[in-house]
Amino acid sequence: MFKRGILSLLALLLTFGESLAEEAQTPKLNSGDTAWMLVSTALVVLMTIPGLALFYGGLSKKKDVLNTIVMSFIAYAIVSFLWVLYGYSLAFNGDIGGVIGSLSKFLLHGVTMESLNGTIPEYLFVGFQLTFAAITVALISGSYIERMKFSAWVLFTILWFSFVYVPVAHWVWGGGFLAKLSALDFAGGTVVHINAGIAGLVGALFLGKRKDPILKPHNLTLVAIGTGLLWFGWFGFNAGSAVASNALAAIALLNTNTATALAAITWMLTEKIFTRKATLLGFCSGAVAGLVAITPAAGFVNLLGAIIIGILAGFLPYFAVAKIKPALGYDDALDVFGIHGIAGILGALLTGLLADPSVNSAGKGLLYGNPSQLWIQALSVFVVLIYDLIATGIILLVIKVITGLRVSEEEELSGLDLSQHGERAYEFE
Amino acid sequence: MKKITAIIKPFKLDDVKEALVKVGIGGMTITEVKGFGEQRGQLEVYRGQELKVDFLPKIKIEVVVRDDQVEQVVSAILESAYTGKIGDGKIFISPVEEVIRIRTKEKGEKAV
Numbered sequence: 001m002f003k004r005g006i007l008s009l010l011a012l013l014l015t016f017g018e019s020l021a022e023e024a025q026t027p028k029l030n031s032g033d034t035a036w037m038l039v040s041t042a043l044v045v046l047m048t049i050p051g052l053a054l055f056y057g058g059l060s061k062k063k064d065v066l067n068t069i070v071m072s073f074i075a076y077a078i079v080s081f082l083w084v085l086y087g088y089s090l091a092f093n094g095d096i097g098g099v100i101g102s103l104s105k106f107l108l109h110g111v112t113m114e115s116l117n118g119t120i121p122e123y124l125f126v127g128f129q130l131t132f133a134a135i136t137v138a139l140i141s142g143s144y145i146e147r148m149k150f151s152a153w154v155l156f157t158i159l160w161f162s163f164v165y166v167p168v169a170h171w172v173w174g175g176g177f178l179a180k181l182s183a184l185d186f187a188g189g190t191v192v193h194i195n196a197g198i199a200g201l202v203g204a205l206f207l208g209k210r211k212d213p214i215l216k217p218h219n220l221t222l223v224a225i226g227t228g229l230l231w232f233g234w235f236g237f238n239a240g241s242a243v244a245s246n247a248l249a250a251i252a253l254l255n256t257n258t259a260t261a262l263a264a265i266t267w268m269l270t271e272k273i274f275t276r277k278a279t280l281l282g283f284c285s286g287a288v289a290g291l292v293a294i295t296p297a298a299g300f301v302n303l304l305g306a307i308i309i310g311i312l313a314g315f316l317p318y319f320a321v322a323k324i325k326p327a328l329g330y331d332d333a334l335d336v337f338g339i340h341g342i343a344g345i346l347g348a349l350l351t352g353l354l355a356d357p358s359v360n361s362a363g364k365g366l367l368y369g370n371p372s373q374l375w376i377q378a379l380s381v382f383v384v385l386i387y388d389l390i391a392t393g394i395i396l397l398v399i400k401v402i403t404g405l406r407v408s409e410e411e412e413l414s415g416l417d418l419s420q421h422g423e424r425a426y427e428f429e
Numbered sequence: 001m002k003k004i005t006a007i008i009k010p011f012k013l014d015d016v017k018e019a020l021v022k023v024g025i026g027g028m029t030i031t032e033v034k035g036f037g038e039q040r041g042q043l044e045v046y047r048g049q050e051l052k053v054d055f056l057p058k059i060k061i062e063v064v065v066r067d068d069q070v071e072q073v074v075s076a077i078l079e080s081a082y083t084g085k086i087g088d089g090k091i092f093i094s095p096v097e098e099v100i101r102i103r104t105k106e107k108g109e110k111a112v
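Chains as they are written, first to last, in my numbering: chain A, 1 to 429; chain B, 1 to 112.
Please note: incorrect hints may appear among the correct ones.
As the list claims (entries may be wrong) - Beta-carbon label-pair distances, calculated as ranges: (1) A:T221 to B:K52: 19 to 25 Å; (2) B:T31 to A:I214: 25 to 31 Å; (3) A:A250 to B:R40: 51 to 57 Å; (4) A:K323 to B:Q72: 52 to 58 Å; (5) A:R424 to B:E71: 45 to 51 Å; (6) A:K272 to B:R40: 21 to 27 Å; (7) A:K211 to B:S94: 36 to 42 Å; (8) B:E71 to A:K209: 53 to 59 Å; (9) A:K211 to B:D68: 53 to 59 Å.
Said to hold, decoys possible - Short, incomplete list of chain B residues facing chain A, as computed with Cβ under 10 Å: (10) E44; (11) V45; (12) Y46; (13) R47; (14) G48; (15) Q49; (16) E50; (17) L51; (18) V53.
The set of hints was computed from the structure by calculation and includes no laboratory data.
Backbone N, C-alpha and C fix where the C-beta goes; we use that ideal spot for every residue, glycine too.
Next comes chain B alone, as it looks inside the complex (with noise of 0.2 Å):
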């Protein structure tokens, strides 16, 4: 089992989810976080003064897939988070040692 974390410009959200629930993911969670990459950060004005806001707006979406998902689900991010502009992204994929699922106790891929 994988656990795929993809960082994404927020208003490409709804295609991203969109997309992971067509290649068929158990479920997801996001976060609203706030970050910089290569794009680093933006000019704002206020008064005449300009001013770079390092921190950016981005949301985190978090997915635990079987071992056989992970090409699709991947394929799939980087599809439906696309624009080719700085600024899209990243994908970061981490083993999982257990998954298990509250309600019924099923543990490991069952419980994904």
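In isolation and in its complexed conformation, chain A is listed as follows (with noise of 0.2 Å):
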């Protein structure tokens, strides 16, 4: 009686420490990262509606720049409902092989006031996260502007959406198979950029050169100004994905600003040697490519690894968008490839070498003694590669059957925003 009274009450005892360890655990919402948070997600929407918008629609001709915007607009409208419908539910939550997660958050069902990601609303990670979706499809268009129809491009966004991004944001963020290798994106190396670069390249090739393919910047006031945009959002794209308010935030805003700084400085001065002129949009041109890199590493890397990566991603995607691209011909209009998918290559490689554990215990790279991890990083950039080419080339044969990818030449020649939607950008001459 006695020894079943003590068993009693050692259980009880154990009942009670395994609620209070529970408790302790249990995560609590944080208005600071709360707030931050909101703001981040609303940063990242700047940087696709209007920033990239306007950034793109500079630098396509006058008759295009229309068609150009309502690119990127479209993308971000469509992948907002997808993100909400079944997006964010197969990117985030479950895990079905490694590969794909489930579809029981479908339409956000069971995501209530109460469900917390760390120490934020759910409903706001799911917020956060659905504007790096849309800014990735928007990134693409890039590649295909001044010729593609656009119903080709709704399609393209709805099934490249389905089928290569969300796949691949859960491999690398929502507990997939390069998430449990140890692969490290910070904010969307490879899971944006990278991925947005393949897709790019693949497109420019199916769908061939435009009649007149020159880069002639019709406004490029408009660059500047989606550039700034873009720079000023991305804060939200690197400092949030700490997705706290905290110093890994704090590290990842002044990595992205240095590296962003230095690579724009670095493509200028690598084009005046070259061409003879320091130019607005080689500094515009720069300064993406330096965002770009330091994605993948603004969370792992101190100062220094973000100083070289800054300086080297104003030197390499100049010469892939100079040099490369006019020797292998393809028409990657706006450089998708040789500025995303480059930089993007770089920073997630670059990770692995710089990614400095005292700035961030998640990430040890090479020159702090663990050399698998440029390896991971190297294999999470080729599995991304190679799947991102053959599933957007799939994509983009059933959408040349279905609608046909490419306008005709008359409708090219005459502009797509006359052609496509019956409107005219400037009504003065």
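With the hints as a guide, dock the two chains, each given alone in a separate frame, to form the complex.
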């Protein structure tokens, strides 16, 4: 009897102890983190509409500017809906064989006012991730402008988001096989930029050259405004990826700014040496390349790492765009592959080299005694590259059968604003 | 009566206008035009690619003057539009058969 009493008491104490421990581990909403993530989410929205839309719009020909802008806007709107419908659930909820999540949170089923992701409301995490998915698809449009049917772009947005973005986001961020391998991607070097860059290249090859393939920006002022909005919004993109209002967010912000500034200066200097002109477009292109390259590394490297990444990002994409593209002859209209693809791959690999565990214990690169990280990074780049190549190719073939990919020669020459939308951007000459 | 058409560099417009007003022209018409002559085009650079642009912006000035004003007007343009560098422009002189002022219906040199 006495023995039984002691056992009952022990069991009671154990249960009590467990519930105390549970209480200590139960995450609580932190209003500081929530406030910062609300701001970050809004900042990333600004990157696409209007940041990217203006950046791309200014680079296009005068007769195609509205079509170029609306490609970003429609991608943002379609992805906004599909993300809450099934994208979030398949990317971030559950895991089937490391490949894809489950549909149990279809239409955010089960997400409540009390649900948390870490210390922020799950609804907010859904919204933050939505903006990443939307900008990734919008980025691709830069390769396809000035010749793609608008209906084909709408279909592409739906299919590519569903069959490429969602699984790749799951692999890297949603607990998929690359996450299990400890692939490092702080804010989307692989998921966003390599992914978009490769899709841009594949599409450029499928669509073929424009009748007039020269890059002759019709309004560099819009490009400059777009670049400024991208730079500004990118603080939400990268520092927001800390998913908290803390020192990690702060160093991510500082790394982002440092690398971007250096990439812009380096691109301009490189250009000055090779063409004897330091251009605004060169500065803007370098800034975007720097923003891209620091993205996977922003929360893993120290300031010296950011400086190295920035300088290389102002240098290598320049050669991809100014030398390699003309030599190979593909028509990546706005250099989505040359800038996002190349700078994304550069950033992903340099993360494996430069990740400093004193900045973030989750990442330890080759220079800090972990050579395997570089291999993991290279593997994740390779896997995403191959999958993206094949999947985007199949998607474009399907669209070619359903709607066709290109507008007619007459429609292209008269401009897509008029032929696709019945509008003209400028009524003055 | 003669019509003097001058193609000049855009930044020289103010100088030419002042010079023409000084020699007493009755009025002038200008048009923003594009074209090329010996200067051909100029090079623009976008993301490392050099792009040759054939047509350069120019200003076309048209003035109609009395025959005795021609020499004065031409030398005023020659002096004021001159930089000595390639692309300074050209002057064309052509006869004018008739001039009619719409408001007063005056004709000929009175209407110039």
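Hints, verified against the model:
1. A:T221 to B:K52: 19 to 25 Å: holds (23 Å)
2. B:T31 to A:I214: 25 to 31 Å: holds (28 Å)
3. A:A250 to B:R40: 51 to 57 Å: Roughly 54 Å apart at Cβ, these two residues keep to the hinted range, so it holds.
4. A:K323 to B:Q72: 52 to 58 Å: Once the Cβ atoms are compared, 57 Å apart, the range 52 to 58 Å for Q72 of chain B and K323 of chain A holds.
5. A:R424 to B:E71: 45 to 51 Å: Because 48 Å falls inside the window, the suggested range holds.
6. A:K272 to B:R40: 21 to 27 Å: Once the Cβ atoms are compared, 25 Å apart, the range 21 to 27 Å for R40 of chain B and K272 of chain A holds.
7. A:K211 to B:S94: 36 to 42 Å: holds (40 Å)
8. B:E71 to A:K209: 53 to 59 Å: holds (56 Å)
9. A:K211 to B:D68: 53 to 59 Å: holds (55 Å)
10. E44: Result: holds, 8 Å to nearest chain A Cβ.
11. V45: Result: holds, 5 Å to nearest chain A Cβ.
12. Y46: Status holds, d = 5 Å.
13. R47: holds (5 Å)
14. G48: Interface hint status for G48 of chain B: holds (3 Å vs cutoff 10 Å).
15. Q49: Where the cut-off is 10 Å and the nearest Cβ of chain A is about 6 Å from Q49 of chain B, the hint holds.
16. E50: It holds, given that the least Cβ distance between E50 of chain B and chain A is near 7 Å, below 10 Å.
17. L51: L51 of chain B check passes; min Cβ-Cβ to chain A is 6 Å, inside 10 Å.
18. V53: holds (9 Å)
Checked against the numbered hints above, the structure violates none of them.
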